[in-house]
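Novice: Could you build the full structure based on these sequences and the hints that come with them?
There are 2 protein chains.
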Amino acid sequence: ECVLVLNCGSSSLKWSIFDTARPQNDAHGQIERIGASGTRLVQHGPRCEVNRKLPLGGHPEAFAAMMEVLLDRGFGVISELSSITVVGHRVVHGGERFTGPTIIDGHVLEELDKLATLAPLHNPVNVAGIREALRLFPAVPQVAVFDTAFHATLPAHAFLYGLPSRYYETESIRRYGFHGSSHGHVVLAAAHFLKKHPRELKIVSCHLGSGASLCAIDHGRSVDTTMGFTPAEGLVMGTRCGDIDSGVLLHLQRGGLDAAQLDRLLNKESGLLGLSGISGDMREIEAAADLGDARALIAFKVFCYRVRKGIGALVAALGGIDVLVFTAGIGQGSAGVRGAAVQGLQCMGIHLDETRNRAATGKEVDRISTDSSAVQILVLPTDEERMIARESLKGLSRDYLVRASEAC
Amino acid sequence: ECVLVLNCGSSSLKWSIFDTARPQNDAHGQIERIGASGTRLVQHGPRCEVNRKLPLGGHPEAFAAMMEVLLDRGFGVISELSSITVVGHRVVHGGERFTGPTIIDGHVLEELDKLATLAPLHNPVNVAGIREALRLFPAVPQVAVFDTAFHATLPAHAFLYGLPSRYYETESIRRYGFHGSSHGHVVLAAAHFLKKHPRELKIVSCHLGSGASLCAIDHGRSVDTTMGFTPAEGLVMGTRCGDIDSGVLLHLQRGGLDAAQLDRLLNKESGLLGLSGISGDMREIEAAADLGDARALIAFKVFCYRVRKGIGALVAALGGIDVLVFTAGIGQGSAGVRGAAVQGLQCMGIHLDETRNRAATGKEVDRISTDSSAVQILVLPTDEERMIARESLKGLSRDYLVRASEAC
Ligand SMILES: Nc1ncnc2c1ncn2[C@@H]1O[C@H](COP(=O)(O)OP(=O)(O)O)[C@@H](O)[C@H]1O
Ligand SMILES: Nc1ncnc2c1ncn2[C@@H]1O[C@H](COP(=O)(O)OP(=O)(O)O)[C@@H](O)[C@H]1O
Numbered sequence: 179e180c181v182l183v184l185n186c187g188s189s190s191l192k193w194s195i196f197d198t199a200r201p202q203n204d205a206h207g208q209i210e211r212i213g214a215s216g217t218r219l220v221q222h223g224p225r226c227e228v229n230r231k232l233p234l235g236g237h238p239e240a241f242a243a244m245m246e247v248l249l250d251r252g253f254g255v256i257s258e259l260s261s262i263t264v265v266g267h268r269v270v271h272g273g274e275r276f277t278g279p280t281i282i283d284g285h286v287l288e289e290l291d292k293l294a295t296l297a298p299l300h301n302p303v304n305v306a307g308i309r310e311a312l313r314l315f316p317a318v319p320q321v322a323v324f325d326t327a328f329h330a331t332l333p334a335h336a337f338l339y340g341l342p343s344r345y346y347e348t349e350s351i352r353r354y355g356f357h358g359s360s361h362g363h364v365v366l367a368a369a370h371f372l373k374k375h376p377r378e379l380k381i382v383s384c385h386l387g388s389g390a391s392l393c394a395i396d397h398g399r400s401v402d403t404t405m406g407f408t409p410a411e412g413l414v415m416g417t418r419c420g421d422i423d424s425g426v427l428l429h430l431q432r433g434g435l436d437a438a439q440l441d442r443l444l445n446k447e448s449g450l451l452g453l454s455g456i457s458g459d460m461r462e463i464e465a466a467a468d469l470g471d472a473r474a475l476i477a478f479k480v481f482c483y484r485v486r487k488g489i490g491a492l493v494a495a496l497g498g499i500d501v502l503v504f505t506a507g508i509g510q511g512s513a514g515v516r517g518a519a520v521q522g523l524q525c526m527g528i529h530l531d532e533t534r535n536r537a538a539t540g541k542e543v544d545r546i547s548t549d550s551s552a553v554q555i556l557v558l559p560t561d562e563e564r565m566i567a568r569e570s571l572k573g574l575s576r577d578y579l580v581r582a583s584e585a586c
Numbered sequence: 179e180c181v182l183v184l185n186c187g188s189s190s191l192k193w194s195i196f197d198t199a200r201p202q203n204d205a206h207g208q209i210e211r212i213g214a215s216g217t218r219l220v221q222h223g224p225r226c227e228v229n230r231k232l233p234l235g236g237h238p239e240a241f242a243a244m245m246e247v248l249l250d251r252g253f254g255v256i257s258e259l260s261s262i263t264v265v266g267h268r269v270v271h272g273g274e275r276f277t278g279p280t281i282i283d284g285h286v287l288e289e290l291d292k293l294a295t296l297a298p299l300h301n302p303v304n305v306a307g308i309r310e311a312l313r314l315f316p317a318v319p320q321v322a323v324f325d326t327a328f329h330a331t332l333p334a335h336a337f338l339y340g341l342p343s344r345y346y347e348t349e350s351i352r353r354y355g356f357h358g359s360s361h362g363h364v365v366l367a368a369a370h371f372l373k374k375h376p377r378e379l380k381i382v383s384c385h386l387g388s389g390a391s392l393c394a395i396d397h398g399r400s401v402d403t404t405m406g407f408t409p410a411e412g413l414v415m416g417t418r419c420g421d422i423d424s425g426v427l428l429h430l431q432r433g434g435l436d437a438a439q440l441d442r443l444l445n446k447e448s449g450l451l452g453l454s455g456i457s458g459d460m461r462e463i464e465a466a467a468d469l470g471d472a473r474a475l476i477a478f479k480v481f482c483y484r485v486r487k488g489i490g491a492l493v494a495a496l497g498g499i500d501v502l503v504f505t506a507g508i509g510q511g512s513a514g515v516r517g518a519a520v521q522g523l524q525c526m527g528i529h530l531d532e533t534r535n536r537a538a539t540g541k542e543v544d545r546i547s548t549d550s551s552a553v554q555i556l557v558l559p560t561d562e563e564r565m566i567a568r569e570s571l572k573g574l575s576r577d578y579l580v581r582a583s584e585a586c
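Protein sequence lines correspond, in order, to chains A and B. Residues 179 to 586 (the working numbering) make up the first sequence, in order. Residues 179 to 586 (the working numbering) make up the second sequence, in order.
Honestly, the hints are just simulated from the structure, not real lab data. Backbone N, C-alpha and C fix where the C-beta goes; we use that ideal spot for every residue, glycine too. Certain hints may be false.
What the hints assert, rightly or not - Chain A regions said to be covered by chain B (calculated; three or more residues, Cβ under 8 angstroms):
no.: 1; stretch: 417 to 428
no.: 2; stretch: 518 to 532
Unchecked claim - Derived Cβ-Cβ restraints for the label pairs, each shown as a range:
no.: 3; chain 1: A; residue 1: 295; chain 2: B; residue 2: 539; range: 35 to 41 angstroms
no.: 4; chain 1: B; residue 1: 199; chain 2: A; residue 2: 550; range: 28 to 34 angstroms
no.: 5; chain 1: A; residue 1: 295; chain 2: B; residue 2: 374; range: 42 to 48 angstroms
Claimed, not checked - Far from chain B, by Cβ distances over 10 angstroms, these chain A residues were calculated:
no.: 6; residue: 199
no.: 7; residue: 203
no.: 8; residue: 208
no.: 9; residue: 263
no.: 10; residue: 276
no.: 11; residue: 398
Specialist: Okay, structure coming up:
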């Protein structure tokens, strides 16, 4: 099979090619700043890298540019359109309706449209990407893979907010959780590395990227996670505030902020960026803190402290864990964050080996716990796209399990 | 000294008398439903109980009724107005300005008025009570004791939200925490019972009443707590929602709810009441769940699960604990809640003895952990009023420390 994985955002389009017969052919690329000036396409292919400016245009133009570089005679990845045998789409919100990879047809598209009320910023643009792909690949099976699906196994006591029950029963307001493909990948990769079956492991997975969430995993199933109804809840993130007293929001609402302004404040101007006044990028925060910038240091501390409390909460939820995993940009890249996040957690059997921690590259699976630590601490590279490809094949019921265990 | 402790709420007035020379004279009473029909006064005095209906009236009438029963020749508690030597006032919000008990003068009253923006529902009525008491006891020193003051020791990484820094720096938006008198009492009572100095103990204190909060205490100082800028954050409570994704609030705001409606929803219609559809009273929830009511059972589970995760988070914050304390109505009264809240926490050294748990009365200090448990689990009666009396004397610098250790 040759799977094209698409992740269509409001101003970006990302794609990956996974060729199960020729893995050396794998490629991925993205177009950023769609609809704005300075649109740029980058593709890392088997033979070379493409990096070019694009003229101003919308998503259709972006899709056309992607197809052009994919099919290019010189540096292209596939020889013809029909080489693609499956298209897998990342869709942010599956609501309660979609709890696994789903083959897309007219009925599913209608249901996806309805989910726009739950994720107005994400789903409509994901669905627009699906429609574009259906136009380009009318004969190829297409599968929707949902960020929320991995968390469909949350028990009610973990997914309910303390609201009147009708808000869940009639308005579907509940914790959904996101980053499902990443946390799902963590399970497979950790189990593979430790030579265990997922059902033998209790895992806390820390996906720390520009968005960040923790997930409690028991028997390979998500039982709790820090993101909620939207990706705004939980940890402090690059530009997102994370957990905040509802009373603060009411205070700001009374002060005159409308929903759009609050949304902007909480999701685009907060987090590491807001606390530091410098950047939402952890590398810049750490660099500034190292140079003595007090706000950058406090942003770093708040970020790590929240991760630490979140780990404690999920260890309590699981009744103890076997594995603690760090993944995504910050999780793989920052030994400083990992060290601060597990500080004091010896009382839960979590013992970091600081030398191993400093030595971990984040490019492969590394164990960074001490030999005697009851809990294994791992750093592992996230691979959401491969997971989406895998799930897409699973959606098509094409010998998923065999491949999953091989590919991991 | 004879301390009158006053707690003036929007529709209630509570008072206690602590006579340091004659503790057998202690009394407490309250008037409920002020300003509504069915106003009722209850007082438990050294000699008898008073329980009477009052005519419709406002706070001045309530104060007059209180004075009348306190001074009554037959069942009264004090012989004359001048028996009262100190008046201590519970004030909900001290902001960053008031970090300890504060003798009230004109300047302090002005500052308290300014804090109304931080706690519009609570502070103005607390201050109205102070003004009334100043009129009644013009010659007696009066002290304000703040729910927030015990948490003045929170480090910045625990009190900052992930908002842009100007929200803290110019608008004082941060975690403050509440129930300070209760958590403060827990420290003294637990240390006394365990024959330790507070500085030797790391404690997680669980105040579970109709409002509920957890507090992490190190060296006798609060280092984190679940309530925040307002008492709305953290645990699920009787009628409060507790932690909720800010995205849910934006969703509801977009759906047309204004700040007053959201406030009502989150603070009066949610929590145990909202989830169960039955009651905000844990006794009724447990009774209904025992009879098989599914919503009551889920309300119970959500409540306990949140406590459990909160304990885990604070154990992580403290890097392990020595003592876990349950107090207030639910904490003292419900063995079921305590059992569910510590389920799975053996991995943190917390081992409950279920027989001791069932046997604890909540009327005195009881140890409910197993003999081999690394963490001592205690049930102890809250005594916020006594703590306010103690703090009031401390505010007056009248040999506080001697009394505190004696009275405990
Ligand atoms: N070596 C590193 N040290 C610290 N932080 C890093 C490092 N590398 C990447 N990051 C952080 O990871 C973030 C991006 O995470 P990533 O998982 O790649 O992104 P996304 O969540 O957008 O998919 C960046 O904003 C940056 O803060
Ligand atoms: N025996 C009991 N079992 C369970 N819950 C109890 C018990 N006694 C009191 N409660 C709960 O405690 C709550 C009141 O707690 P309390 O600390 O007295 O009140 P407040 O927080 O209003 O000061 C009640 O709403 C009730 O739910």
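Novice: Evaluate each hint against the coordinates.
Specialist: A quick look at each hint next to the structure:
Counting residues of the stretch 417 to 428 of chain A whose beta carbon lies closer than 8 angstroms to any beta carbon of chain B gives 11, which meets the minimum of three for the stated coverage. Only residues whose C-beta sits within less than 8 angstroms of a C-beta in chain B count toward coverage, and the stretch 518 to 532 of chain A has 7 of them, enough to reach three; the restraint holds. A hinted range of 35 to 41 angstroms is violated for the C-beta pair residue 295 of chain A and residue 539 of chain B, which are about 50 angstroms apart. In this structure the hint that residue 199 of chain B and residue 550 of chain A lie 28 to 34 angstroms apart at CB is violated, the actual value being about 59 angstroms.
A beta carbon spacing of about 55 angstroms between residue 295 of chain A and residue 374 of chain B contradicts the range 42 to 48 angstroms that was offered as a hint. Listed as outside the interface, residue 199 of chain A is consistent with that label: its C-beta sits roughly 42 angstroms from the nearest C-beta of chain B, beyond the 10 angstroms cut-off. For residue 203 of chain A, the condition that its CB be more than 10 angstroms from all CB atoms of chain B holds, with the nearest at approximately 40 angstroms. For residue 208 of chain A, the shortest C-beta to C-beta distance to chain B comes to about 26 angstroms, beyond the 10 angstroms cut-off, and the non-interface label holds.
No Cβ of chain B approaches the Cβ of residue 263 of chain A within 10 angstroms, the least distance being about 37 angstroms, so the stated non-interface status holds. Look at residue 276 of chain A: its CB is around 19 angstroms from the nearest CB on chain B, clear of 10 angstroms, so calling it non-interface holds up. Every Cβ of chain B is farther than 10 angstroms from the Cβ of residue 398 of chain A; the closest lies at roughly 19 angstroms, confirming the non-interface assignment.
Checked against the numbered hints above, the structure violates hints 3, 4, 5; every other hint is satisfied.
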